[in-house]
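Visitor: Here are the chains, one letter per residue:
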Amino acid sequence: GNSVTQMEGPVTLSEEAFLTINCTYTATGYPSLFWYVQYPGEGLQLLLKATKADDKGSNKGFEATYRKETTSFHLEKGSVQVSDSAVYFCALTRYGNKLVFGAGTILRVKS
Amino acid sequence: EAEVAQSPRYKITEKSQAVAFWCDPISGHATLYWYRQILGQGPELLVQFQDESVVDDSQLPKDRFSAERLKGVDSTLKIQPAELGDSAMYLCASSSLQNTYEQYFGPGTRLTVT
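Here the protein sequences come in this chain order: A and B. Number 111 marks the last residue of the first sequence (my numbering); no jumps. Number 114 marks the last residue of the second sequence (my numbering); no jumps.
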């Protein structure tokens, strides 16, 4: 079946550091890929998405590129802020139905 | 900005009791999802509705869980009887027919079973 694997956390960075959170997936065909962010006590917010190979999703300084050859969708940000501290989830969907999520990666940014 | 509403935000119940959660999706969104998120894990789909019809309930523990969306708008998820292992965050999401690839999530209901 379809699955998503994320790097384990927590990831702890200093403010203005470069961020990478790895995400790989297993799926038949060509899924759409997403990154969601969850702040403490809140629901999930869509951060960015990519619907086909080589697409780059971007939002609020975060980027991720859909790499079909490596089945990856790594999240990057050039300079993190304390306010970026949250849990980040990689997810996929086939045909716009249920989302299949990874386990999540906790990001902690220190000032 | 339209949001998905859920209530209650927090619920503490004793095992073997009944508990119910409510979700009101974004107006006009035909598809509604209930996910369960166990602490430290990603959300997993429990049930998906298209209007008032169940599309996918393959992961819903039907011996104790039930879900309904009678008029194709708001929805209720019920657990009876609750078990200790049901302690989790229950998330509701909705999407439109025009853009099924973007799901909007509510704030969730945190359930603690004692």
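Possibly wrong hints are sitting among the right ones.
Not the full set, but computed from the structure, chain A residues with beta-carbon under 8 Å of chain B [as the list claims (entries may be wrong)]: (1) L44; (2) L46; (3) L48; (4) A53; (5) F62; (6) T65; (7) A86; (8) K98; (9) A103.
Hints were generated in silico from the structure; no laboratory data involved. Glycine residues also receive a C-beta, built at the ideal position from the N, C-alpha and C atoms.
Visitor: Against each hint, give a clear statement of whether it holds in the structure.
Guide: Results of checking the hints against the structure:
1. L44: This hint holds: L44 (chain A) lies near chain B, its Cβ roughly 4 Å from the closest one there, short of 8 Å.
2. L46: 6 Å, holds
3. L48: 11 Å, violated
4. A53: 16 Å, violated
5. F62: 17 Å, violated
6. T65: 18 Å, violated
7. A86: Violated - the Cβ of A86 (chain A) stays beyond 8 Å from chain B, reaching only about 14 Å at its closest.
8. K98: 4 Å, holds
9. A103: 5 Å, holds
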